[in-house]
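> Listed below, chain by chain, are the residues.
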Amino acid sequence: MSDASTALLLPLRPSVPVATEQSWVRRLTIAVALAFLFLFLILPLVVVFVEAFRRGWEGYLAAFQEADAQAAIRLTLTVAAISVPLNLVFGLAASWAIAKFEFKGKSLLITLIDLPFSVSPVVSGLIYLLLFGAQGLWGPWLMAHDVKIAFALPGIVLATIFVTLPFVARQLIPLMQEQGSAEEEAALTLGASGWRTFLTVTLPNIKWGLLYGVLLCNARAMGEFGAVSVMSGHIRGLTNTIPLHVEILYNEYNFVAAFAVASLLACLALVTLALKSFLEWCHGADLAGSAIR
Amino acid sequence: MPAAQSAKRSQAVDIRVTGVTKEFAGAAALHHIDIDVRPGELLALLGPSGSGKTTLLRIIAGLVEADRGQVFFGGTDATSLPVQKRQVGFVFQHYALFKHMSVADNIAYGLQVRGRANRPSPAEIRRRTSELLDLVQLSGHESRFPAQLSGGQRQRVALARALAVEPRVLLLDEPFGALDAKVRKDLRAWLRDIHERTGKTTVFVTHDQDEALELADRVAVLNQGRLEQIGSPDEVQDHPATPFVMTFLGHAARFAADIRDGRVLVNGKPVPVGAPRSTIGQAGLYCRPWHLKPTETDQGHCNGTISGIRRLGSMRRVEVLRDGGVKLEVEVPLQTSLKVGEDIGLEILDGVTFRD
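Residue numbers (my numbering), protein chains in the order written: chain A, 1 to 293; chain B, 1001 to 1356.
Hints are computed from structural coordinates only; laboratory data are not their basis. Keep in mind it's a predicted model, so treat the numbers as computed, not measured. Any given hint might turn out to be false.
In silico DMTMM-like pairs for lysine to aspartate or glutamate, Cα to Cα no more than 25 Å straight-line [what the hints assert, rightly or not]: (1) B:Lys1293 with B:Glu1347; (2) A:Lys207 with B:Asp1105; (3) B:Lys1099 with A:Glu280.
Simulated coverage check for chain A against chain B, where a stretch passes if three residues somewhere in it have a Cβ under 8 Å from a Cβ of chain B [as the list claims (entries may be wrong)]: (4) 182–190; (5) 252–258.
Here are the simulated distance ranges between beta carbons [as the list claims (entries may be wrong)]: (6) A:Gly284 with B:Gly1324: 39 to 49 Å; (7) A:Ser181 with B:Gln1070: 19 to 29 Å; (8) B:Pro1039 with A:Leu199: 49 to 59 Å; (9) A:Ser181 with B:Pro1039: 25 to 35 Å; (10) A:Phe198 with B:Leu1321: 32 to 42 Å; (11) B:Pro1039 with A:Phe103: 32 to 42 Å; (12) A:Ser181 with B:Ala1028: 16 to 26 Å; (13) B:Pro1272 with A:Gln177: 28 to 38 Å; (14) A:Gln177 with B:Ser1130: 54 to 64 Å; (15) A:Glu102 with B:Arg1254: 18 to 28 Å; (16) A:Phe198 with B:Thr1247: 30 to 40 Å.
In this text, a Cβ means the ideal position worked out from N, Cα and C, and glycines have one as well.
Whole structure, please, built from the sequences with the hints as guidance.
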């Protein structure tokens, strides 16, 4: 009774959630969560930059003067520049087909799209090696025709595409399912062609979700280690991406250079995170699919 | 009718649907439907959910392909025309406005997407858009976005958008289905008015019999993918073709009847309903609430107990529980001495018989 009367006297603030736990429970859980965050995320990130700048600004920059490091950066950018657009096309096509049409094998397709999430990247790299490697299924034929896939750019791109396959599609499928096909049908009845409908109606409705998916896809494409490690063959200056280059430097006890190059990936992660948060903050409704009707 | 309107009327085309059949996953959604929509007519496709009415409308629009059968607009076969070429104006139940476009851009969309040769000049598009905004009484809202409009306003924008391309026919799928009762009533009268002014052949889908009967020139009643009856509101109400039409258009009580020598008997007593001499045997007699009259117990065709009394406009509806446990409704004047719990007899004044 007295509880109820004091509750009535308190000002009503709807933004404050009703706390049913005792305050020490709340404080403890928050403290545990923050401790974990600090220990496993913030501390390592700080260490990366501290180690990278251990020999000062010159030492940091020196890591990028090296020809191998520049080759690794170039290769990573090339791989991302090829695999991200290809995944964009695949993701759009797959989510369009799944959200707007009924066909046999649809649930199988959805399961397959998720496969790269459940398969270890190393295993997927190995599978491609078994197919395209010198001792692989198609290896001899490829050698005979002078086509290099394994231990070359095409192999790295293949492995990266496999690993990043789900990102765009996963983001778009629920969004497109939620939006349905009514707007597209309306455009068609008004005389718009299929392509025109896609450009003027579908694309504007999914653009933020698409950007979000591409952002995550890109971060993974640049940072992928396992699958690429198997497919690249670690040829310095030729088939080493940034993550592979970091590993090599580290194994050679070249810590400053290793952390300096690693800081590039850390920066990429931070920029991705910032853009992602910005998108969620500005276009949260469009991303979740609960777009205003 | 002013000259301009009759001119518009004469441009209206008829829609002919012949033998349209559609199956979904093995189950028949439409069985061999034949419907003629007259030029300038306002036709309602009425039926419960799952009756195939929306599928039929979408087949007419070209959004769904029929398995068999043909669709003609003004005598030309449109069956194989893609939806873009059919020149239909389609209004969706949930508006389907383009969320990211302003009201004006929504309305102008159908003109903007035309090929350069057929596209009106920007000034002409602006003129048409504002004309349509006037027609749907939304002038001053051109720069609003769909999210900033009420449901009724959105549906009016959807109609303006459909009219902008000057369609040959207008098709509306449950146009008021998502709106509340008051707005629905207002929009009904307004749609009737728009139809009068544009004179376009119009087909609309509804599950609401009041809406269909109030609005339409003719009503096509569909049930389980079959056309039960097509006729004017008076025809379907006064001369229902099937028991389904009778029961779907309003409350109807069914009595087991015996037809002998051109007379209809209920519980051995004759009913003042005509029947052809040739029909003999068991039949169902369907009665509206105003076809029944309360009398003393054992004086009418059956007995029952009053289980409830409600007011319905200028009359009262009495709910009667018959001996067999069947509930039926009787209409009585506002001033009545009947009380809940009272046992009464019921006299049948009129009704429609259907052979079982």
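> All hints are to be evaluated individually against the structure, with a verdict given for each.
Hints, verified against the model:
A threshold of 25 Å between alpha carbons decides the hint, and for Lys1293 of chain B with Glu1347 of chain B the separation of about 5 Å falls inside it, so the pair holds. With a C-alpha separation of about 19 Å, the suggested pair Lys207 of chain A and Asp1105 of chain B falls inside the 25 Å cut-off, and the hint holds. Restraint check for Lys1099 of chain B and Glu280 of chain A: the C-alpha separation of about 19 Å stays at or below 25 Å, so the hint holds. Only residues whose C-beta sits within less than 8 Å of a C-beta in chain B count toward coverage, and the region 182–190 of chain A has 8 of them, enough to reach three; the restraint holds.
Here the region 252–258 of chain A counts 0 residues with a CB under 8 Å from a CB of chain B, which misses the bar of 3, and the coverage is violated. The hint said 39 to 49 Å for the Cβ distance between Gly284 of chain A and Gly1324 of chain B, and at roughly 59 Å that hint is violated. Taking the beta carbon of each, Ser181 of chain A and Gln1070 of chain B are about 25 Å apart, inside 19 to 29 Å as hinted. In this structure, Pro1039 of chain B and Leu199 of chain A break the distance hint of 49 to 59 Å, their C-beta atoms being roughly 37 Å apart.
At about 31 Å, the CB distance of Ser181 of chain A to Pro1039 of chain B agrees with the hint of 25 to 35 Å. Take Phe198 of chain A and Leu1321 of chain B: their Cβ atoms lie about 60 Å apart, and the range 32 to 42 Å is violated. For Pro1039 of chain B and Phe103 of chain A, the Cβ-Cβ distance of about 40 Å falls inside the hinted range of 32 to 42 Å, so the restraint holds. Separation of Ser181 of chain A from Ala1028 of chain B is about 24 Å and conforms to the stated range, judged on CB atoms against 16 to 26 Å.
Evaluation of the 28 to 38 Å hint for Pro1272 of chain B and Gln177 of chain A yields a failure: the beta carbon distance comes to about 59 Å. Separated by about 37 Å at the C-beta atoms, Gln177 of chain A and Ser1130 of chain B break the suggested range of 54 to 64 Å. One distance hint, 18 to 28 Å for the beta-carbon pair Glu102 of chain A and Arg1254 of chain B, is violated here, with the actual separation near 40 Å. Between Phe198 of chain A and Thr1247 of chain B the CB atoms are about 46 Å apart, so this pair departs from the stated range of 30 to 40 Å.
The structure is inconsistent with the numbered hints 5, 6, 8, 10, 13, 14, 15, 16, although it conforms to all the rest.
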